[in-house]
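Engineer: These are the residues of each chain, in order.
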Amino acid sequence: MPYETELPAHDFPPVPGHTHARVLDSDGIPVITTSGLTKVYRSRGREVIALDGVDLHVREGEVYGVIGQSGAGKSSLIRCVNLLERPTAGTVTVAGQDLTALAGRGPRAGKELRQARSRIGMVFQHFNLLSSRTVQDNVELPLEILGKSGQERSRKALELLDLVGLADKAKAYPAQLSGGQKQRVGIARALAGDPKVLLSDEATSALDPETTRSILQLLRDLNRQLGLTVLLITHEMDVVKSICDSAALMENGRIVESGTVSELLATPGSELASALFPVSGETSADDRTVVDVTFHGEAATQPVISQLSRTYNIDISILGAAIDTVGGLQVGRMRIELPGRYEDNVVPIGFLREQGLQIDVLGQEPVLLKEGAQL
Amino acid sequence: MTWSEMQPLLEQACWDTLYMVGWSTLIAVVGGLPLGILLVLTDRGGLLQNVLANKVIGQIVNVARSMPFIILMVALMSFTRWVTGTTIGREAAIVPLAIGAIPFFARLVETAVREVDGGLVEAVQSMGGNTWTVVRKVLVPESLPSVIASTTTTIVALIGYSAMAGTVGAGGLGDIAIRYGFQRFETELMWITVAILAVVISLIQSAGDYAARSLHRRGGQSGPAPKLRLLKASTATSKTV
Numbered sequence: 089m090p091y092e093t094e095l096p097a098h099d100f101p102p103v104p105g106h107t108h109a110r111v112l113d114s115d116g117i118p119v120i121t122t123s124g125l126t127k128v129y130r131s132r133g134r135e136v137i138a139l140d141g142v143d144l145h146v147r148e149g150e151v152y153g154v155i156g157q158s159g160a161g162k163s164s165l166i167r168c169v170n171l172l173e174r175p176t177a178g179t180v181t182v183a184g185q186d187l188t189a190l191a192g193r194g195p196r197a198g199k200e201l202r203q204a205r206s207r208i209g210m211v212f213q214h215f216n217l218l219s220s221r222t223v224q225d226n227v228e229l230p231l232e233i234l235g236k237s238g239q240e241r242s243r244k245a246l247e248l249l250d251l252v253g254l255a256d257k258a259k260a261y262p263a264q265l266s267g268g269q270k271q272r273v274g275i276a277r278a279l280a281g282d283p284k285v286l287l288s289d290e291a292t293s294a295l296d297p298e299t300t301r302s303i304l305q306l307l308r309d310l311n312r313q314l315g316l317t318v319l320l321i322t323h324e325m326d327v328v329k330s331i332c333d334s335a336a337l338m339e340n341g342r343i344v345e346s347g348t349v350s351e352l353l354a355t356p357g358s359e360l361a362s363a364l365f366p367v368s369g370e371t372s373a374d375d376r377t378v379v380d381v382t383f384h385g386e387a388a389t390q391p392v393i394s395q396l397s398r399t400y401n402i403d404i405s406i407l408g409a410a411i412d413t414v415g416g417l418q419v420g421r422m423r424i425e426l427p428g429r430y431e432d433n434v435v436p437i438g439f440l441r442e443q444g445l446q447i448d449v450l451g452q453e454p455v456l457l458k459e460g461a462q463l
Numbered sequence: 014m015t016w017s018e019m020q021p022l023l024e025q026a027c028w029d030t031l032y033m034v035g036w037s038t039l040i041a042v043v044g045g046l047p048l049g050i051l052l053v054l055t056d057r058g059g060l061l062q063n064v065l066a067n068k069v070i071g072q073i074v075n076v077a078r079s080m081p082f083i084i085l086m087v088a089l090m091s092f093t094r095w096v097t098g099t100t101i102g103r104e105a106a107i108v109p110l111a112i113g114a115i116p117f118f119a120r121l122v123e124t125a126v127r128e129v130d131g132g133l134v135e136a137v138q139s140m141g142g143n144t145w146t147v148v149r150k151v152l153v154p155e156s157l158p159s160v161i162a163s164t165t166t167t168i169v170a171l172i173g174y175s176a177m178a179g180t181v182g183a184g185g186l187g188d189i190a191i192r193y194g195f196q197r198f199e200t201e202l203m204w205i206t207v208a209i210l211a212v213v214i215s216l217i218q219s220a221g222d223y224a225a226r227s228l229h230r231r232g233g234q235s236g237p238a239p240k241l242r243l244l245k246a247s248t249a250t251s252k253t254v
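Those protein sequences? They're chains A and B, same order as listed. Just so we're aligned, residue 89 is where the first sequence starts under my numbering, counting upward by one. Just so we're aligned, residue 14 is where the second sequence starts under my numbering, counting upward by one.
If you're looking for bench data, these hints aren't it; they were derived computationally from the structure. This one's a predicted model, so the numbers in the text were calculated from it and none came from an experiment. Each hint should be verified, as a subset may be incorrect.
Only pairs whose alpha carbons sit at most 25 angstroms apart, straight line, appear in this in silico SDA-like list of lysine to any residue [as the list claims (entries may be wrong)]: (1) A/Lys199 to B/Gly132; (2) A/Lys284 to B/Asn143; (3) A/Lys284 to A/Leu246; (4) A/Lys259 to B/Leu157; (5) A/Lys236 to B/Ile73; (6) A/Lys236 to B/Val153; (7) A/Lys284 to A/Arg130; (8) A/Lys199 to B/Arg226; (9) A/Lys329 to A/Gln157; (10) A/Lys236 to A/Ser266; (11) A/Lys257 to A/Asp186; (12) A/Lys199 to B/Gly58; (13) A/Lys259 to B/Leu228; (14) A/Lys257 to B/Arg226; (15) A/Lys244 to B/Glu135; (16) A/Lys236 to B/Arg149; (17) B/Lys68 to A/Arg196; (18) A/Lys236 to B/Lys68; (19) A/Lys236 to A/Ala177; (20) A/Lys236 to B/Thr146; (21) A/Lys199 to B/Leu61; (22) A/Lys257 to B/Ile101; (23) A/Lys199 to B/Arg149; (24) A/Lys259 to B/Gly58; (25) A/Lys259 to B/Leu61; (26) A/Lys244 to A/Lys259; (27) A/Lys199 to B/Trp145; (28) B/Lys68 to A/Gly444; (29) A/Lys259 to B/Pro154; (30) A/Lys329 to A/Gly444; (31) A/Lys259 to B/Ile205; (32) A/Lys244 to B/Leu61; (33) A/Lys284 to B/Pro154.
Here are the in silico distance ranges between beta carbons for each label pair [unchecked claim]: (34) B/Arg57 to A/Gly315: 55 to 65 angstroms; (35) A/Glu339 to B/Ser79: 26 to 36 angstroms; (36) A/Asn340 to B/Asn63: 32 to 42 angstroms; (37) B/Leu61 to A/Glu240: 28 to 38 angstroms.
C-beta atoms are modelled at their ideal positions from N, C-alpha and C, and glycine is treated no differently.
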């Protein structure tokens, strides 16, 4: 078995044995790094631990999704990244700058921290646009804070509104816009300070599915065109699926799993991977072998299934599949059925393994996959 | 009393009332607006959290708010003399009127500012704005429709208070109504005064409502118009203490 021991996400530094898939991306420069990030809320003598030693590494130019249920600590996490909330312990580094060191002791943000914040864009679930200002004036607000001249402000604002496709709404008021349009304004505003990093706090959670898709597409485009690094938090798996290069799963203030989508797929028993690429399907008869094939990396570009069928002259049924193109690579899982028992299929399975695919034979291996447990 | 006798009296009274109310409103807004904002900022969880300062300001506002105006006027006499050099006349009445109205207006502003969405504050902070930016760019402009409605309420309340200013010889419509209408049985004049007061108050209220609503509507929302408040405006804010 090519399995590695599963890495508990909160272990730090990384266990050397886990580097096999990370090699692909290890050249990426970390833009956001948190280490040992802890946030404890105290109210009326009770302590609530929102973040419990979170280590996060977001590489330059990637879209990183943190997913978790409400109360898992996602919101605290993203607010600690630009120090809207002060972490109780741990450090936050954004673009090489240790923000926690800039924060100082008092509750108020000093000048240096405020300057650092102006280089981090943020979009919000409820858009947070000023109702008393026009769309253009809303986008100009961060530029006013940066002390730009009126001419420069309006030029930049119109340019950004054009970028998000709302050039014609510059003079409208937020209340006259739809939810999706409001979020576009929010995104334009977040980009006004030319940030390297965009934080997205459930940016699509208040939107309908159709609008969600268009907003995610916009974020993806901006990520590609501007080389913008995006850290987003969400409770919707679809968001991670459609735009994220990397993802982390949060539970009870901890990151339980994290990595690039292919890394996650390569991790046996990964909850995120099985949620992102759910495969199901029962075997049709007893004398069949059911195999889960996981595609990630180079092997995914080869037509392996038809090669297998031709080489060994066997009929293959596909029971279920979840394949997606993530970051230009096909990744996903497929559950196939081969005729005959496992003993009869050792050679074809060996062929698949040789192609560099991860193969899990249901009912044969030490049961690691969740689906395997059901059979 | 003939109309030609009444006319100059009423004219003078109207001007006196407007003069007193105008100046005291101006002072109340200038003093009450920062005070109201400060009450929100220093509160627990506020941007300038300072529990002690909040308690002290809150207590001063409460005491001043609950003081009957006629007593405040008498109690402030030495202060009034220090400021204006006299304790009688229009100028002297402005001092207690303004001081009575500042805490009143401050409480109304506090309520209005509290209603501003905390997310907007967070957004401005995330852009690198400081507390002053938050006040200037978010708290004041976003609460402006409510603050304007509060100003209307304050003006109406001040017209009510100004009637008592007659007791320090400040004139005004209330003074006319008491001295001529009540003490000299010039019932006709009293009713005319009442009518003028009613007209003035409704005009001010409508103008305030219109201003508040048009600001609101700029945002496309058709919120309910601020309700006409009665002269005795104490009930409107007592809950915010």
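Engineer: Look at each hint and say if it fits the structure.
Structural biologist: Hint by hint, here is what the structure shows:
no.	hint	result
1	A/Lys199 to B/Gly132	holds (21 angstroms)
2	A/Lys284 to B/Asn143	holds (21 angstroms)
3	A/Lys284 to A/Leu246	holds (20 angstroms)
4	A/Lys259 to B/Leu157	holds (20 angstroms)
5	A/Lys236 to B/Ile73	violated (41 angstroms)
6	A/Lys236 to B/Val153	holds (22 angstroms)
7	A/Lys284 to A/Arg130	violated (33 angstroms)
8	A/Lys199 to B/Arg226	violated (38 angstroms)
9	A/Lys329 to A/Gln157	holds (16 angstroms)
10	A/Lys236 to A/Ser266	violated (29 angstroms)
11	A/Lys257 to A/Asp186	violated (38 angstroms)
12	A/Lys199 to B/Gly58	holds (21 angstroms)
13	A/Lys259 to B/Leu228	holds (15 angstroms)
14	A/Lys257 to B/Arg226	holds (23 angstroms)
15	A/Lys244 to B/Glu135	holds (23 angstroms)
16	A/Lys236 to B/Arg149	holds (17 angstroms)
17	B/Lys68 to A/Arg196	holds (21 angstroms)
18	A/Lys236 to B/Lys68	violated (39 angstroms)
19	A/Lys236 to A/Ala177	violated (36 angstroms)
20	A/Lys236 to B/Thr146	holds (15 angstroms)
21	A/Lys199 to B/Leu61	holds (16 angstroms)
22	A/Lys257 to B/Ile101	violated (58 angstroms)
23	A/Lys199 to B/Arg149	holds (18 angstroms)
24	A/Lys259 to B/Gly58	violated (35 angstroms)
25	A/Lys259 to B/Leu61	violated (34 angstroms)
26	A/Lys244 to A/Lys259	holds (15 angstroms)
27	A/Lys199 to B/Trp145	holds (13 angstroms)
28	B/Lys68 to A/Gly444	violated (69 angstroms)
29	A/Lys259 to B/Pro154	holds (17 angstroms)
30	A/Lys329 to A/Gly444	holds (23 angstroms)
31	A/Lys259 to B/Ile205	violated (49 angstroms)
32	A/Lys244 to B/Leu61	violated (33 angstroms)
33	A/Lys284 to B/Pro154	violated (30 angstroms)
34	B/Arg57 to A/Gly315: 55 to 65 angstroms	violated (42 angstroms)
35	A/Glu339 to B/Ser79: 26 to 36 angstroms	violated (52 angstroms)
36	A/Asn340 to B/Asn63: 32 to 42 angstroms	holds (34 angstroms)
37	B/Leu61 to A/Glu240: 28 to 38 angstroms	holds (31 angstroms)
Checked against the numbered hints given earlier, the structure breaks hints 5, 7, 8, 10, 11, 18, 19, 22, 24, 25, 28, 31, 32, 33, 34, 35 and satisfies all the rest.
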